[in-house]
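> Single-letter residue listing:
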Amino acid sequence: MEFFLHILISGIATGAIYSLIAVGYSITFSTMQILNFALGMWVMIGGMLTLTFNVMFGLDLAVTLLALIVVMILLGIVGERVSVHPFFRAGSDVWVMSTLAVGFLFINVAELIWGRNPEPVPPFFGDGIIAVGAFAIFPQQLLVIVSALVIFLALHLFYYRTLLGKAFRATAHSSEVTSLMGINTRLICVLSYVITSVLAGVAGFIIVPITFAEAQMGTVLGLKAFAIAIIAGLGAPRGILVCGIAYGALEGLASGYFYTGIRDILGFSLMILVLFLRPEGLFGTPSSERA
Amino acid sequence: MRYFKTRAAIILAAVAVPLAAAPGAGMADTVRIGISAALTGPAAFVGVSIRRGAEMATDAINAKGGIGGKKIELVIRDDEHNPVKTVANHRELVEREKVVAMLGTTNSAAMLATAPIINDELKVPVVCPATDATKITENKAWEQKKDNYVFRLGMFGRGQANFLINTLVKKFGYKKVGLLTWTAGWGVTGRGELNRRLKELGMKAVADETYDTADTDMTPQLLKLKRAGAEVIVNYGLARENGFVARTRQKLRDKTPYASAWGIAAPAFWKAAGKAGEGIMTSTTIAMDGPQSPERKAVIDEYTRRYKEKIEGPPFFFAAYDIVHLLAQVIGKVGTDPNAIRAGLENVPEFKGLIHHFKRPVFTRQRHDALTEEDMILGRWTNGELLQVMYDGSGPHVVTGDGKKRYIDTKTLALK
Numbered sequence: 000m001e002f003f004l005h006i007l008i009s010g011i012a013t014g015a016i017y018s019l020i021a022v023g024y025s026i027t028f029s030t031m032q033i034l035n036f037a038l039g040m041w042v043m044i045g046g047m048l049t050l051t052f053n054v055m056f057g058l059d060l061a062v063t064l065l066a067l068i069v070v071m072i073l074l075g076i077v078g079e080r081v082s083v084h085p086f087f088r089a090g091s092d093v094w095v096m097s098t099l100a101v102g103f104l105f106i107n108v109a110e111l112i113w114g115r116n117p118e119p120v121p122p123f124f125g126d127g128i129i130a131v132g133a134f135a136i137f138p139q140q141l142l143v144i145v146s147a148l149v150i151f152l153a154l155h156l157f158y159y160r161t162l163l164g165k166a167f168r169a170t171a172h173s174s175e176v177t178s179l180m181g182i183n184t185r186l187i188c189v190l191s192y193v194i195t196s197v198l199a200g201v202a203g204f205i206i207v208p209i210t211f212a213e214a215q216m217g218t219v220l221g222l223k224a225f226a227i228a229i230i231a232g233l234g235a236p237r238g239i240l241v242c243g244i245a246y247g248a249l250e251g252l253a254s255g256y257f258y259t260g261i262r263d264i265l266g267f268s269l270m271i272l273v274l275f276l277r278p279e280g281l282f283g284t285p286s287s288e289r290a
Numbered sequence: 000m001r002y003f004k005t006r007a008a009i010i011l012a013a014v015a016v017p018l019a020a021a022p023g024a025g026m027a028d029t030v031r032i033g034i035s036a037a038l039t040g041p042a043a044f045v046g047v048s049i050r051r052g053a054e055m056a057t058d059a060i061n062a063k064g065g066i067g068g069k070k071i072e073l074v075i076r077d078d079e080h081n082p083v084k085t086v087a088n089h090r091e092l093v094e095r096e097k098v099v100a101m102l103g104t105t106n107s108a109a110m111l112a113t114a115p116i117i118n119d120e121l122k123v124p125v126v127c128p129a130t131d132a133t134k135i136t137e138n139k140a141w142e143q144k145k146d147n148y149v150f151r152l153g154m155f156g157r158g159q160a161n162f163l164i165n166t167l168v169k170k171f172g173y174k175k176v177g178l179l180t181w182t183a184g185w186g187v188t189g190r191g192e193l194n195r196r197l198k199e200l201g202m203k204a205v206a207d208e209t210y211d212t213a214d215t216d217m218t219p220q221l222l223k224l225k226r227a228g229a230e231v232i233v234n235y236g237l238a239r240e241n242g243f244v245a246r247t248r249q250k251l252r253d254k255t256p257y258a259s260a261w262g263i264a265a266p267a268f269w270k271a272a273g274k275a276g277e278g279i280m281t282s283t284t285i286a287m288d289g290p291q292s293p294e295r296k297a298v299i300d301e302y303t304r305r306y307k308e309k310i311e312g313p314p315f316f317f318a319a320y321d322i323v324h325l326l327a328q329v330i331g332k333v334g335t336d337p338n339a340i341r342a343g344l345e346n347v348p349e350f351k352g353l354i355h356h357f358k359r360p361v362f363t364r365q366r367h368d369a370l371t372e373e374d375m376i377l378g379r380w381t382n383g384e385l386l387q388v389m390y391d392g393s394g395p396h397v398v399t400g401d402g403k404k405r406y407i408d409t410k411t412l413a414l415k
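Protein chains in written order, with numbering that gives the first Met the number 0: chain C, 0 to 290; chain Z, 0 to 415.
Here chain C stands alone, though its shape is the one from the complex (with noise of 0.2 Å):
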C-alpha cells in the first residue's frame, strides 16, 4: 500500500504538470478551432524568461512573474498575428504547419540566447520537503498541484460568471452569429490566443525549478498534454484537469508495476482508441451539438 501511494502522490504531481499545459490547447480550439500545436515551446519560453528574469537579473519572483506575463502577452498578439491569422481568415489549414514553424523558431531562439546546457532554477519554496510520515512531496510539485486546480477554478469562473467569457462561448458555438450580434469576433480570437500564451507562460514559470531551464524542456511535455487535450476533449477544460491528473498517476502505476517503458505506449494507444470510439474525448460533447 505504502509502494502504491508513493507513486499515486509523484504521478499527481506530475499528471497536474500535463493539465496545466493541455488546458492551453482547449481555449485556442473551443473559440476559433484551432490549436497551437508547439504550446510545449511556448512553455519553454516561460521557464527561460524565469531563468532570465529571477535567475540572471535576480528579480524576486512576483515581478518575474509580471514581466514573464508582459512579454507572453506581446508574443501572443505577434504569435496570433503571424502564424494564425493570415491562414486563419484565407480558411485555410496552414496554421497547423505555421503555428509548429513558430515552436521551432522559440527553441532555435532558446538555443542561442541561452545556450543548450540545462540551467537549474531554484525552487520557490527552498530546497526542503513536505514530509507526512514515510510520504513525501516537494513544495514546488504541490505548488503546481494547486495552480492547476486554481488556473481550472478561474477559467470556469471566466467563461461562465463574465460577459467576455460568455462571447468567447458565443464565438465557439458560431463565429458568424456572434459577430452579427455586435461582438468583435477578431478580437476574441486574438485573446483566447493571447490567453493560451499568458498560461503557457505561467505553466513554465511553475514548473521550471523542476524540469530545469533548457530549449528541449516542452518538446515532450507539450506532446503528452497533446494527447491528454485529445483524450478529455479539446472543448473540455475540467476534463482536462481529471485526465492530466490521471495521465500521470496511470504513467506512474505503469511505471511501478510493469516497466517504464510501457507508459508512453499505453498513454498514446490510449489516444488512438479514444479517438478511435469517441473523437470528442471522454469529456467533450460531440461536433453536432457545437457546430
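Hints listed in this document are in silico derivations from the structure and should not be mistaken for laboratory results.
Ideal placement from N, C-alpha and C gives every residue a C-beta, glycine not left out.
You may find that some hints are simply not true.
Stated by the list, open to error - Here's a subset of chain C near chain Z, in silico, CB distances under 8 Å, partners left out:
#	residue
1	116
2	126
3	210
Add chain Z to chain C, keeping to what the hints say.
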C-alpha cells in the same frame, strides 16, 4: 559595364585571396593538428573542454620552442554533435587544411561513422579524448589487423562497465546490483554492457529500470529498485536526469548506494543535484578535486587564471591536454608523415601525462585504448567536490581538502 567589371574584380579578389591563402597557410613552418568537436549544442561543455585542453597544451609546447623549432597550429571545427558534420569536418581538415593528426569528437555515434573513413580514405591518425563506444577503436581495420588510425585516451564502454561492476562487487562487496539507465543512445549501450558484465560474473541485476528525458520524478523506479532489494544502484546517464534522481532520493529518504558511469563526473552534476548529490559515486578517468600532483595543480591554476571558472569537463580537458603532448612527442621523433605518426603512437614506451603516468607502452598495434580498466578511478561527490576513492586495509576512503582520510560506509556511502 565598367562598374560591373570593377565589382567583379573586387568579388573575385575577395573570394580568391582567402582561398589561396587559407589552406595550409604557413604549412611549411607549423605542425597542423585538427579538432572537430561539438562547440555548440548539448555537448558543448565537452567540446569546449577539449578545445581548451588542446589550446593550453599547444601554448605550453610552443612557449618552449614548439616541436623541433616548428610551432603547433590548431585547426578547430564545430560539428554541433552531428555525425554528418563530423565526417565532413574530418575530410576538410585532412584534404584542405592538411593536418597531420587530429583529436576526436564528442559524440560516439559520430566517431563510429568517421572511423572507417579515417582508416580507408584519409589515413591520418585521430586520438579520441571523449567518445567511449568500444567499437571506435576496435573497428573494422582492427578486426582485419590492418593499419588502424583511430586511438583513444579516455573511457571505453566495455572497460567502464567492467570497472564499475568489478569495483562495486569486489571492492565494496555488494551482491545485489540494480540498474537504472537512461533510454537515450548512450544509456542503452551502457545498460547492455552492465548486464553483460554481471552475467560474466554469474550475477543478474535484481531490477533493471530505465528513465527518459521527460522524467523529472524518479519515484517509481527508485521504489522498485528498493523493493527488489538492490544493495547498490548503477546508472548510465547524464547530469540533468541524475540531478532528478538525487532529488527524488532525498524526497524518499532513500540511502541506497548509487554509482554512475562518467556522465556525472563534471561540476554540472552538483549544479543539478545540489546537496542531494552528496555521497553519489561515479567512474571517471580523473578527479580534479582533492590533493593533486604539482603538474596537475599548475595546469588547473593556469586554467582558472585564463578562464576564470572551474573546468567544466575535467576528463575531456585533461585527455586533450595529454593527447597534444603525446602527439608532439611522437611528431618530434618521427616527423609529420601521418602514417609514421600512427606507427609512432604504437611505439611510445613511456609517457607521463596528467591523467595517467604510463609506465608501459601507451598504445600497441593491437591495443588502441591507452587507458585500461585498471587505470579508471571511482570518484565520490563530497560537498561539491569530486574526490577520488582509494582503498586500504580498512576499506574505501577519500581524502578531503584538509588532508584527512575519511572512510566510506558501504551501506549508505556516507563518510564515517
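> Please check whether residue 210 of chain C passes as an interface residue: C-beta within 8 Å of a C-beta belonging to chain Z.
holds, 5 Å
> Is the interface hint satisfied for residue 126 of chain C? The criterion is a beta-carbon contact with chain Z at less than 8 Å.
At about 6 Å, which falls below the 8 Å cut-off, the nearest Cβ of chain Z leaves the hint on residue 126 of chain C intact, so it holds.
> Min Cβ distance, residue 116 of chain C to chain Z: is it shorter than 8 Å?
holds, 6 Å
No hint from the list above goes unmet by this structure.
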